[in-house]
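Going down the list, the protein sequences come from chains A and B. Counting from -9, one number per residue, gives the positions in the first sequence under our numbering. Counting from 1034, one number per residue, gives the positions in the second sequence under our numbering.
These aren't lab readings, by the way, just hints derived from the structure by calculation. Misleading hints may appear alongside valid ones.
[Stated by the list, open to error] Within a straight-line C-alpha distance of at most 30 angstroms, the following computed DSSO-like cross-link-like pairs (lysine-lysine) qualify:
no., chain 1, residue 1, chain 2, residue 2
1, A, K44, A, K69
2, B, K1173, B, K1137
3, B, K1315, B, K1284
4, A, K171, A, K120
5, B, K1315, B, K1288
6, B, K1137, B, K1110
7, B, K1114, B, K1137
8, A, K171, B, K1167
9, B, K1114, B, K1092
10, A, K211, A, K44
11, A, K69, A, K224
12, A, K224, B, K1284
13, A, K211, B, K1167
14, A, K211, B, K1173
15, A, K60, A, K134
16, B, K1114, A, K224
17, A, K134, B, K1110
18, A, K224, A, K44
19, A, K69, A, K134
20, B, K1092, A, K171
21, A, K44, A, K60
22, A, K224, B, K1288
23, A, K120, A, K60
24, A, K60, A, K211
[What the hints assert, rightly or not] These stretches of chain A come out as covered by chain B in the derived footprint (C-beta under 8 angstroms, 3 or more residues):
no., segment
25, 26 to 40
26, 222 to 236
27, 243 to 253
28, 256 to 267
[What the hints assert, rightly or not] Pairwise CB distance ranges (calculated):
no., chain 1, residue 1, chain 2, residue 2, range
29, A, N254, B, M1034, 51 to 57 angstroms
30, B, S1095, A, N254, 56 to 62 angstroms
31, B, A1168, A, R229, 24 to 30 angstroms
32, A, G123, B, A1270, 22 to 28 angstroms
33, B, E1152, A, E230, 40 to 46 angstroms
34, B, N1274, A, R112, 36 to 42 angstroms
C-beta atoms are modelled at their ideal positions from N, C-alpha and C, and glycine is treated no differently.
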Amino acid sequence: MNMISVDSLRFRYEEGEEQPDSTVVLDGVDLTIPRGQFIALLGHNGCGKSTLAKHFNALLLPLGGAVLIKGVSTADEDKRYDIRSTVGMVLQNPDNQLVSTIVEEDVAFGPENLGVDPAEIRERVDAALKAVGMYEYRGHAAHKLSGGQKQRVAIAGVLAMQPECIVLDEPTAMLDPRGRKEVIDTICRLNREQGITIVLITHYMEEAVLADRVVVMENGKVVVDGTPHEVFSKVDTLRELELDVPQPTELCYALRQVGIDLPNNVLTIDECVEALSALL
Amino acid sequence: MALIETENCTLRYSAGTPFEREALHDVSVSIEEGEFVGVIGHTGSGKSSFVQLLNGLLKPESGRVLLDGRDIWESPKEIRKVRFEVGMVFQYPEYQLFEETVFKDIAFGPHNMGLSDEEIRERVVTAAEWVGLKAELLEKSPFELSGGEKRRAAIAGVMAMRPRVLILDEPTAGLDPRGRDLILNRIRAYQQEFHTTVLLVSHSMEDIARVADRVLVLNNGSVAMFETTDRIFSQAAELENMGLSVPAVTKIFAKLRERGFAVPDSVYTVETAKAALLTLLKGGADNAV
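The task is simple: from the sequences and hints, build the whole structure.
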């Protein structure tokens, strides 16, 4: 079964409602995300990607079309709690997501609200903190952690609710390089080891290349969808959309433009080194 | 003579309490007029404390901050004037827009400087042009602008004071590639036009690589490096030990060198990488690209 299926989704913010951009419209989005997939969602600010993501755990509801989580419509009010415990959400600013002063209390907040038995909460909190590599910080003050550590605690807070899917909206935008790496490594591990479906919204192309699939949105529609190799080989299309390509891809593209015989599907540093070594 | 300089500056937070922490330790940095300096360092390395010393938002406990060779704390009552000369764009400055119109917001700084209405108008219009804000947006409420436009309006508000030193703390954080390119290009053009000294604080090594002449690396409150951009990024291992990184093309060139290829160690942008590889591939015949 698909984890998420989006069918002809249309959405527009009502006048006066809190809105990132009054013109944002989801204009017929079709997308299915199989269980266990790691997808990266790219596009400009205002293209509709965050609005789409908020439909995945029923923070927003479709004006037209439907969003199904494991076959259940988000419009079904009785199922809203189930949907929110299936799909967890992590946002950009770590400081806005921590609710308690102590790390383990923060992680326990979600399962406490779900009415989980205290002994089980203890187990879930420990497991979640271990999964993000923050167990040894369980007694620390949350506000004194680094940005990357705070984001990992936020992820642990979602994990403690045992979701099957985690949606992350630019979780690394405010982090330094080390923090970014900590968070991305954690996301990859959760996907690989626990089979959690991941939807990662990002502006960093080097993060997108780690996904199984890359989906690009523009003006409220999905415009490109494929594996990272497929998507980033379309350098001209991405340039037209004013998006970046990873530097290794960009370098090979620039050299191909002046007649150097390099493959058009180079994504990573190692692939680029291999391709260049073959020529030099 | 340096335009702006710190001499052995030390700064502690919560001094005299059990939470005392040294934010900056014996920082001596000297920046010339017209330089474009990138400031990098992990979270908590002292970047923001350092730039706040430069415009007198923080006062060093020991050491001096010199603007044009004069101690900015010589007469503390005059510190406000320093802030007109050393302009600061904070992180997420769009949250600080507050006026009824974009025009009034950009005019806030020049107005405080006591300029005439005519002069203020001229500066606001010019600053808006510099950051690429269309003239018709000036009469709108700041809250009607998109995120990228708000960010640019906030930068224009500082540019309109025509500071001799322009400091930007993470001006591209959270922007998409288009918004980021626009802002970096406009800042670079502005710096070249007015010969302004610019300090850009960023977590993005790629942004720093694109615009900076020299890079200041702070680590645990001390100056770890302060060198030209190419020399900085040739020290990948040291940077990684400090929780930083180098651009992907720099890593590619490092790996090529490990394999014994004679590629330079001072490559940090796609353009310089391309030129270096073409020189090698075509035997130096065509390196003009």
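Hint check results:
Distance restraint check for K44/A and K69/A: the Cα-Cα separation of roughly 16 angstroms lies within the 30 angstroms cut-off, and the hinted pair is therefore satisfied. Proposed proximity of K1173/B and K1137/B is supported: the alpha carbons are some 10 angstroms apart, at most 30 angstroms. Note on K1315/B and K1284/B: the hinted pairing holds, with a Cα-Cα distance of about 22 angstroms set against a maximum of 30 angstroms. A threshold of 30 angstroms between alpha carbons decides the hint, and for K171/A with K120/A the separation of about 17 angstroms falls inside it, so the pair holds.
Restraint check for K1315/B and K1288/B: the C-alpha separation of about 21 angstroms stays at or below 30 angstroms, so the hint holds. With a C-alpha separation of about 27 angstroms, the suggested pair K1137/B and K1110/B falls inside the 30 angstroms cut-off, and the hint holds. Our distance criterion of 30 angstroms between C-alpha atoms is met by K1114/B and K1137/B, whose separation comes to about 21 angstroms. For a cut-off of 30 angstroms, the pair hint linking K171/A to K1167/B is broken: about 38 angstroms separates their Cα positions.
Pair hint K1114/B plus K1092/B holds up; C-alpha atoms about 15 angstroms apart against a cutoff of 30 angstroms. Distance hint between K211/A and K44/A is fulfilled; the C-alpha atoms sit about 15 angstroms from each other, no more than 30 angstroms. A C-alpha spacing of about 40 angstroms is found between K69/A and K224/A, which places the hinted pair above 30 angstroms, so the restraint is violated. The suggested pairing of K224/A with K1284/B holds, with an alpha-carbon distance near 23 angstroms, which does not exceed 30 angstroms.
For the given pair, K211/A sits about 27 angstroms from K1167/B by alpha-carbon distance, which is consistent with the 30 angstroms threshold. About 29 angstroms separates the Cα atoms of K211/A and K1173/B, which keeps this hinted pair within 30 angstroms; it holds. Note on K60/A and K134/A: the hinted pairing is violated, with a Cα-Cα distance of about 38 angstroms set against a maximum of 30 angstroms. Taking the CA atoms of K1114/B and K224/A, the gap is near 52 angstroms; set against the 30 angstroms cutoff, the hint is violated.
In summary, the hint linking K134/A to K1110/B is not supported, as the alpha carbons are separated by about 34 angstroms, beyond the 30 angstroms threshold. A threshold of 30 angstroms between alpha carbons decides the hint, and for K224/A with K44/A the separation of about 28 angstroms falls inside it, so the pair holds. Under the criterion of a C-alpha separation no larger than 30 angstroms, the hint pairing K69/A with K134/A is inconsistent with the structure, at around 37 angstroms. Distance hint between K1092/B and K171/A is unfulfilled; the C-alpha atoms sit about 34 angstroms from each other, more than 30 angstroms.
Note on K44/A and K60/A: the hinted pairing holds, with a Cα-Cα distance of about 16 angstroms set against a maximum of 30 angstroms. Distance hint between K224/A and K1288/B is fulfilled; the C-alpha atoms sit about 26 angstroms from each other, no more than 30 angstroms. Distance restraint check for K120/A and K60/A: the Cα-Cα separation of roughly 27 angstroms lies within the 30 angstroms cut-off, and the hinted pair is therefore satisfied. Under the criterion of a C-alpha separation no larger than 30 angstroms, the hint pairing K60/A with K211/A is consistent with the structure, at around 22 angstroms.
Taking a C-beta to C-beta cut-off of 8 angstroms, the segment 26 to 40 of chain A contributes 4 residues in contact with chain B, enough for the three needed, and the coverage statement holds. Three residues within the 8 angstroms Cβ limit are the bar, and the segment 222 to 236 of chain A against chain B gives 4, so the coverage statement holds. For the segment 243 to 253 of chain A, the stated coverage by chain B holds: 4 residues have a C-beta nearer than 8 angstroms to a C-beta of that chain, and at least 3 were required. Remark: the segment 256 to 267 of chain A is confirmed as covered by chain B, as 6 of its residues place a Cβ nearer than 8 angstroms to a Cβ of that chain, reaching the required three.
Judged by the Cβ atoms, the range 51 to 57 angstroms given for N254/A and M1034/B holds: they are separated by roughly 52 angstroms. For S1095/B and N254/A, the Cβ-Cβ distance of about 58 angstroms falls inside the hinted range of 56 to 62 angstroms, so the restraint holds. Between A1168/B and R229/A the Cβ separation comes to about 29 angstroms, which falls inside the hinted range of 24 to 30 angstroms. Checked against the hint of 22 to 28 angstroms, the pair G123/A and A1270/B passes, with Cβ atoms roughly 23 angstroms apart.
Restraint check, E1152/B to E230/A: a C-beta distance of roughly 42 angstroms satisfies the suggested window 40 to 46 angstroms. Distance hint check for N1274/B and R112/A: the Cβ-Cβ separation is about 37 angstroms, which falls inside the suggested range of 36 to 42 angstroms.
Taken one by one, the earlier hints fail for this structure at numbers 8, 11, 15, 16, 17, 19 and 20, listed in ascending order.
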